[in-house]
Structure formats: structure tokens, C-alpha cells
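Sequences and hints are given; from them, build the entire structure.
Top line first, the protein sequences correspond to chains A and B.
Residues 1 to 374 in UniProt numbering are what the first sequence lists, from first letter to last.
Residues 1 to 374 in UniProt numbering are what the second sequence lists, from first letter to last.
No wet-lab data here; the hints were simulated from the structure.
Any given hint could turn out to be false.
When chains are identical, the list treats them as one kind, so a pair holds in a single copy or across two.
EDC-like cross-link-like pairs, simulated, lysine to aspartate or glutamate; straight-line CA separation at most 20 Å [unchecked claim]: (1) Lys12 to Glu343; (2) Lys12 to Asp342; (3) Lys233 to Glu84; (4) Lys80 to Glu343; (5) Lys335 to Glu18; (6) Lys209 to Glu178; (7) Lys81 to Glu343; (8) Lys253 to Asp176; (9) Lys335 to Glu364.
Protein chains: 2
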Amino acid sequence: MLHVEVYGDGVKAIERGELIIYKRWVEKKPIKLGQMVELVSEDYVLGCGIWDRIGVRILSFEPCPSSIDDLIEENLMRAKKLRERVGYWNAYRLVHGDGDLFPGLVVDIYKDIAVLQSSSAAIDVLVDKIAAKVKKVTGVDTVVEKSVQRVRSKAGLRPRERTLIGSKKETVVEVDVEGIKYKVDVRGRKTGLYLDQRENRVLAQRISKNSSFLDLFSYTGGFGLNALHGGAKKVVFVDTDEQALKLLRENLKLNNIPENKVEIVKEDAWKYLRKTMKRRRSFDVVSVDPPALMDDLRNGYELYRSAYAGARAVGRNFLILSSCSRSMSRSLFLKAIYESLDEPYRVMEVRGSAPDHPTRVGIEDYLKTAFIGI
Amino acid sequence: MLHVEVYGDGVKAIERGELIIYKRWVEKKPIKLGQMVELVSEDYVLGCGIWDRIGVRILSFEPCPSSIDDLIEENLMRAKKLRERVGYWNAYRLVHGDGDLFPGLVVDIYKDIAVLQSSSAAIDVLVDKIAAKVKKVTGVDTVVEKSVQRVRSKAGLRPRERTLIGSKKETVVEVDVEGIKYKVDVRGRKTGLYLDQRENRVLAQRISKNSSFLDLFSYTGGFGLNALHGGAKKVVFVDTDEQALKLLRENLKLNNIPENKVEIVKEDAWKYLRKTMKRRRSFDVVSVDPPALMDDLRNGYELYRSAYAGARAVGRNFLILSSCSRSMSRSLFLKAIYESLDEPYRVMEVRGSAPDHPTRVGIEDYLKTAFIGI
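Structure below.
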């Protein structure tokens, strides 16, 4: 067991619950990337973590177990148990980085395939060990890595995309989320189902009975499919991504949705909104769930405002307005809504991401979804 | 129709979406308390409201309808429709003050009884008209007033408690909320079910399967009953209020809960926590839902911390931590949690009040509930 002494500010950082303990706070020793280290202060154990380029990433505030494999397995087991408690199965986020005391790692489960994302050099080194434990803990037969996030290049890490465990060529799986079937292509240009919106989509089911529903930035159809499941009479899906719309069409078939209930529009959402206003067409419920505009685009805040205002202009009864920009705080999100909405409106509820996307001290929830009654 | 000219800051206030337009902002005219007035600026209609001691309370941003009865009915109809959209029936908050563009008024529906609360002199004057419209819009047969909140004395209004419509002496009703039956005594020392926790209790159902569950500040049993409904093996209810515990016992019978699944403790929650720690007893899930400590007690913040820390000490898997103090912001609530919880913990979700408690610009949600995985 490698013990590393932590000094002054580092001790305070751990006591505050921070998960990154920088090199300048710890005793100098030769340590390999990804090696398990036990952090101590005057023989008192502060926690257990792995060595990374910047210092130690905390995975536990307990003494280290006997091996790094045990450390990984214990953390995955705890994460799995919490998902089980919430009743999640089949498709869920197993590990949500810092929120699950596993900084640098994200793991999504889609039926028998696990998709793993690393944003740390230490996790990169450990990825095979992690994959083996993910298989053991969840029972998946395939583990693929899809470490292609932009944050990797900032950290000097190359994109990596490969199969870690399993020989299946087919990476399209069919999953069931809250009674709705989806096809997921884990090798697609984008992957996954944006599981963070799971509970918000369930609320969308409830408010969509007999409604006409507009699903802007529909992607593969999460909100609109839930609306149909909840009894919507008609859903218009709008997205520009042909790949996503292709999967959407398959999802509609999978869920036996009659064609006359659906309209699919391959178009820019703002353009669609302008046209719809001009034609004076309106919808009972409108969902706006754009990509992270404020993280990606200079004028992101204004774009949100214009999308929300557009939704208000074409929405009759209910709006579901989302933002997944990390740089847009919850209060800024509400400001954008207040500035964009004509009277009268009522903010019925504001929610964040689903419980399989936990947060902790210092980590704000990136997803905000407001349910607005008109 | 009485038109009242609004000046400078008053116009800006309305444009910001504020619902109280002070006397100093409007033209001086003799106006009766509770009279309907249309607010104009240079012949442009800004909205419609009622005259109160402090000025005009906005009920609509449209021109006034032909009578105050129509104004009241239109607002109640809109409020009712939004609750219907969410699928609420049988027991729900019909009007949530400012959040429903009805400042000074709260209306709860419990099956065939409506309970109405006024915190404004203007609403006091209109209460009979409102009661009649509540009956018409919701179909209740009884409307009682229970205007006994402390804010009334601040506004120089006396407590009022009486039957406005209906001759029933019996004011105990049985309602169904999300599949659980409750007895509600609208004339009891406290009333109601704290409907604001409705959705949070549904999530409690989901995480309670096979668990031992501690319901601190149980009141008439909302969280614990949901836990039992979700398959909890055993629930311990703790409260000091004998009246509440009496209704709790009736609720347990109503829902056919076997006695061996339940333990009822009439005791102070902190005392119970201390004893439980001493005995090293623990629970799979712990819910802490105290009264508004920080609004009512000087040391409220510290009391929350001590309750949350206690819950952590006796909780094994999951904590459900609530605060309904208006003076405790969401960020202060999270701070209290971070300061109270030993590692490891994961904030799985933070929610507010149910959708029948809407907010708007300038009004923060008073209820905060955090779901913590351990």
C-alpha cells in the first residue's frame, strides 16, 4: 500500500469534500499513473484515490482496500446499488464522474452493452481493469470505449474509440426506458439517449394527453415518444441531424406509433419556429431541448432566449424548456425564461437531471428543465 | 369599467411581471377595496386587477372582462386546466397565490371540500364571490375559509375560520393521492396534506422497496405511507403532534397496512435521533421533513444541520432531506447539506414543490427536497 502524506490546504480540500488533491499539496514520491494511493495526514487516513497527472483523484474517503481492483469494484457496486434503489435497469448511467466519486469516468449501460468515457490520463491507464469490473458488476457482455469528448484534447489526451470487451460487431441495441423502446447505436455519430432527461420526459407523458406536441431539437425522439406514450394526438419532431432522425423513425416503428400521429421535419429549429409563427400554427405543448448552446456558442444565451420566446409564441398550454449548458447556472436559466416569456405564464416546476446523474459539493447540476403552464 | 392610469415605475413593474402595483404609481381616484380596475398607460391596456390597501393586485395582463365575477372565474378556470393537464384530481392546490396570478389567495381542493385562505384585505372582501366560483369551476359542494395564517396579523387582518358554502358539519374527508388514501380534517389544528411534497413522496415510493424507513416529522404520514406503498418492510413514524398521529393511525387503517410493519413514536425528532444513534440502530432510508425552522426559529439553520447530520448518522442507503423555509434559499439549503453530511454521499436529485405550486418571476420556490444516496 502506497501512503502519501497530505499537507495544509490539501487536508482542508479533502475535508471540504473535494476530489482532486493537487501535487503541490502532497509529499513527493515516485508514483505511476493510475496507481492506488492512500492519503494520510499524521497517520490519520483521509481517503483513497488514484495518481493522475495533476495529483490524486479521490475515489473513497475510507482507507484503501487491498488492491486497485477492489477499489474499482467497490465504487461500481455502490453506484449500481443506488441505481437499483431508484428502480433503474436496462438503460441507465452507472457512473457519473465526480458525482459518483469516480472523477474522470462516465459509464452508461444500454442493455448488454456498457459505454465508457474517460477524461483523465489515470482512467485511461486503468480502462481495462474498469471494463472488466463493469462487466462483472452489471452483467453486460460488451464494453466499448467512446472517449471522444472535447475535454480530452484540453487535457492532452487523444480520442479513443474501441471495443474493450466482447466480439460483437453489432453495436445497435434495443432498450426499454420507462415503458418506451429505443434503438441506441453506441457507435453512432452521437451516442446514447440523453438519459439525464428521463424523469422530465415522464412528466411530459403526463401533461401530453390528447395534445398536439412540438418536439424541437428532437434528436431520436425522447420527449415526443413520451408524449405519444402519454396519449398525445399528434407530435411534430424537428431536428437537423439525419442520423438522429433515422433512429427516430425506427423508434416510432418499435413503439407501434401510427404514421398519421407523426410529422418529421428535417430543419433548423429557429427557422421552423419562424415559419410556424408566420403560418399562425400552434401546439398544445412545446418542448425545447437544444444542445449546449451557451457552452458552444458565443451568443448562446440569446439563442436560448429566442428559442424559448419562439416556443411561447407557438405554444398554447404548456412549455417544456431545457438547457444543458454547464455555463448557464440555474438562476441564469430562470432569468432567460423570465425575459423570454410573454405573460401570462406559470412556472409549474423546475427540475434537473435524473437521479443516475448525481452531484456533490462543488458540482452544479448542468441540466435545467422548466415546466411552464400558460 | 374603471380605468386607472399607471405612471413611470409602475409601468416598468408591470412589464417586469410584478403583480403588486403600489398606490404611488397610479392615478388617484376613489376606488373601493376589491373593486376591479383596468390599468392603462396612454390608452394602452397593461392589465387587470383588484384594488387593495396597498394598490392594485394584478390578476391578468389582458384587458378586464365585463365583470369581476368573470375575472375571478377566468383565473380559476385557467388554474384548474393546468392541474387537469398534470393529471391532478381529488386532492390538489387549485390556486397558489402569485404563482397562479392570484395574489393573496390560496385554494386547496380535498375531494368535495375547498379550503380557501386569504392574506389580503381585497380578497377578504371578495371571498364570497370567489367561493361561489370555486364551487362552480371545481364542483365541490362545500367551501370553507381558513384564513388563520400569521401574515394576516402583519397586514392588520383578523383570523377568519368559517363555512362559506355548504351546510355539512363533518369536515373530515377521505382523499386519494397517487394511489394512497388519506383522511384530511380541514378543521383540524393544522390542515391539509402538504400537497407540495406530492411528487417527492412518489420518488420516495420508488426508493423504498424492501427497506426499513424512518419518517421524521412524519405529521399524518405522507412520506412513510408512500414508502409502505412502494414496498418498505418497516416504517418508523416520529412526530410530537398527537392530532397528527391520530390521523396517521387512521390513514394506516385506510390503506390496510399491517401493524407489524409500523412503529409510531410520539417524540421530539432530535431526541429520537440521539437515542437511535446511542443504540446504534439504523435505517435503509431516512426522511427529514421539518416545519419551517429557519422562518420560525432564530437558530433554524443550525437545527436543519443537526437534523440532516442525525439522518446521515442513522441512514444506511438513502436520505430524503427537506426544507420548506422561505428564508432558506436553494443554495443555502445545499450548503446546509454539504456541511452536515459525512462522506461518502451523492446528491441524486434536488426537487422543489409539486406542479400545483407554481412560481413566477420574483417568487422563489420555498420547498427544497434533496435525495441523497450513500
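Here is what the structure says about each hint:
1. Lys12 to Glu343: between (48 Å within a copy, 14 Å between copies)
2. Lys12 to Asp342: between (48 Å within a copy, 14 Å between copies)
3. Lys233 to Glu84: So Lys233 and Glu84 pass the 20 Å test across copies only (17 Å; inside, 34 Å).
4. Lys80 to Glu343: Between copies, since 18 Å is at most 20 Å while 45 Å is not.
5. Lys335 to Glu18: between (30 Å within a copy, 14 Å between copies)
6. Lys209 to Glu178: both (17 Å within a copy, 18 Å between copies)
7. Lys81 to Glu343: The answer is between: 17 Å across copies meets 20 Å, while 45 Å in one copy does not.
8. Lys253 to Asp176: Answer is within: at 14 Å inside a copy they meet the 20 Å cutoff, but 37 Å across does not.
9. Lys335 to Glu364: Both ways: Lys335 and Glu364 sit 17 Å apart in one copy and 12 Å across, limit 20 Å.
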